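Using the sequences plus the hints, can you model the full thing?
Protein chains: 2
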Amino acid sequence: MSDPKKPVAPSEQEIGVVVPQAQHFDTPLLLQCGKTLPEYEIVYETYGTLNPEKSNAVLICHALSGHHHAAGYHSVDDKRPGWWNACIGPNKPLDTNTFFIVSINNLGGCHGSTGPKSLNPETQKAYGPDFPIVTSKDWVESQARLADLLEIKQWAAVVGGSLGGMQALQWAIDYPERLRHSVVIAAAPILSAQNIAFNEIARKAILSDPEFHGGHYYETDSFPKTGLILARMLGHITYLSDEAMREKFGRELRAGELKFDYDIEFQVESYLNYQGEEFSKNFDANTYLLMTRALDYFDPAAEYNNDLTQALSRAKCRFMVMSFTTDWRFSPERSQEIVDALIEADKEVSYAEIDCPQGHDSFLLDIPRYTALFTAYMDGIAQEINQ
Amino acid sequence: MSDPKKPVAPSEQEIGVVVPQAQHFDTPLLLQCGKTLPEYEIVYETYGTLNPEKSNAVLICHALSGHHHAAGYHSVDDKRPGWWNACIGPNKPLDTNTFFIVSINNLGGCHGSTGPKSLNPETQKAYGPDFPIVTSKDWVESQARLADLLEIKQWAAVVGGSLGGMQALQWAIDYPERLRHSVVIAAAPILSAQNIAFNEIARKAILSDPEFHGGHYYETDSFPKTGLILARMLGHITYLSDEAMREKFGRELRAGELKFDYDIEFQVESYLNYQGEEFSKNFDANTYLLMTRALDYFDPAAEYNNDLTQALSRAKCRFMVMSFTTDWRFSPERSQEIVDALIEADKEVSYAEIDCPQGHDSFLLDIPRYTALFTAYMDGIAQEINQ
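Those protein sequences? They're chains A and B, same order as listed.
Numbering of the first sequence is given in my numbering, commencing with residue 1 and proceeding in unit increments.
Numbering of the second sequence is given in my numbering, commencing with residue 1 and proceeding in unit increments.
Quick caveat, the hints were computed from the structure, so don't treat them as lab data.
Treat the numbers as computed from the prediction; the structure is a model and nothing was measured.
C-beta: ideal position from N, C-alpha, C; glycine also.
Take the hints with a grain of salt, since some may be wrong.
[Unchecked claim] Some chain A residues near chain B, calculated using beta-carbon distances under 8 Å:
| hint | residue |
| --- | --- |
| 1 | Phe198 |
| 2 | Arg203 |
| 3 | Ser208 |
| 4 | Phe249 |
Structure representation (structure tokens):
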């Protein structure tokens, strides 16, 4: 929830107002699926200042429902900061006094970068279902092209949580020379059958919504709102731990007493419906489909005999892997698989399993032990830069 | 999956063909929600023979999607046995050589007992959404009335898994004199916020299906199939452990290679869709809504100052509580809450936590350690009867 009292002016902890930027790319991008994007636009934000050596740049990769607006505010009246404001800003783990932070909206997104709701130059209509499925590999490629334009030869670090962490991992494999650190938070080396199963139900809810119109709903006056709400509600359950939900809602009733019907009885129902409803106002259903498939398809070992160790042997950076005890979407065991492969590949890796009740969403929050460890690791990177 | 080679003739392990029975009740039933069912029918099956002392009767309570057909076959050509055939039959834990087993379809169900698709005598149309929400307390009451008619004053045991286990617990509180043992398997003393959240999404999928027609779909030529499929797919994920899904499907592709679209790519998607589709052919959406609400509302401590120990202090029976290590729907911790309250209430309780990978569905399966412990406990009851 946003805090209306939050300061939007730059301060010891806040970046203040930030302005998104857009970059058009004319060079076609060949995607993993075999299709080509003839041209595209990437929207991004930057926080902090690039040093003359261009050695302090950090790339932030976003998760399923994220976008470029990771920190700060979009206006002085803006009540809601970027999605990772807890971790990005002056004197925060990703310290804007030290780092030049680049945060982009991934291709296929719905917040400005080219995606399903963008105009297809071939048809002059929205791409809709014709927008090709992009993967983490494609994102890394598009992010590398933006880095070229920004003249960033090597990231001090590529950082992300969840699907963002997967991109940080993919970077280390695909562009070993172009990053010094990979910070992989609350991620997994590949989705489990259960992860895919949840995604499939979310997609089915959207695809079977009569307002979906085969993905061509932009040409109608409606959109698959119910399907998108269902998808988000389901996702939301997997972001919270059982413990966190119990703590937050227990079995509290909305009306104080049972009504014995199928309307909302319990606070947790009310909360989930509200979250789904709000999400549906700001997210595109075709992008939701695409992002869940990008998760399903994430498989960095695929090109290396399905051997994660072999894949990670290519890496030249150092790694920080973090997980959260109550995360059941990507449990600590999944992070440990990454760590084990890194050790087997003889890479330098730090690993922290944070004991906290908040579940998968922990990576977005200011949890003291997490913040402290994250800060310490990033401080180490800062020291390397200043040496 | 059914095994077409399974014997349907009575044997050392199989009951053979069973015939459901129906019992009409004219006495109105006042429900927990405050409404009254003026008359109703209960469909049930029995396995084994009631002894002259009527002391060997065991009541089976079913879970969300269960019904009266718990064991045996409905015809010699029947390829699929009842849902708990693994545990009911000659020389099985619920041994039909010893016990007279009664298995009923709960009120509100869709397999013969009065429920939403039954005729409302007041309107001469299907009840549909006007069928009142029934709870575990109501089921216990209706089950007690059937016991009266069968002249069973006291059950040797009331037994159930999941929502069935909750009814076994409710029996011990509501009719302490009428059972000697309560066998509570893979259950919880009350639903968690996460449990309710999953139910809410399942209900929303059904309620928002355009074919739901406010629950009056019986009068149309369709039904909320997609919503029911989504609900079942979601439920199904919670019945299996992450481990079991990984073991069963991994990330195996249906077509051998990625197609990069939103059709079914992975075996786990195919399986879930198939399960949902099959389920939708044999289950009623209004009943699904009702059963999930009965779960949400289960709260045996509510009448006793929200104190489970106080509630269970009323009990006079002995208890067997069983849980499964990989059950994340109702985890072992939830069973332990029941056990702790029973100990605090100074009741006699045996508890077994079975280490197995199958998740919540374990209670339906022939898992050697589970079967052995279940058999041992039921053998003890048999010895009491024969004394």
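How the hints compare with the structure:
1. Phe198: holds, 7 Å
2. Arg203: With a closest approach of 6 Å, the arginine 203 of chain A hint holds.
3. Ser208: holds, 5 Å
4. Phe249: Since chain B brings a Cβ to about 4 Å from phenylalanine 249 of chain A, closer than 8 Å, the hint holds.
Checked against the numbered hints above, the structure violates none of them.
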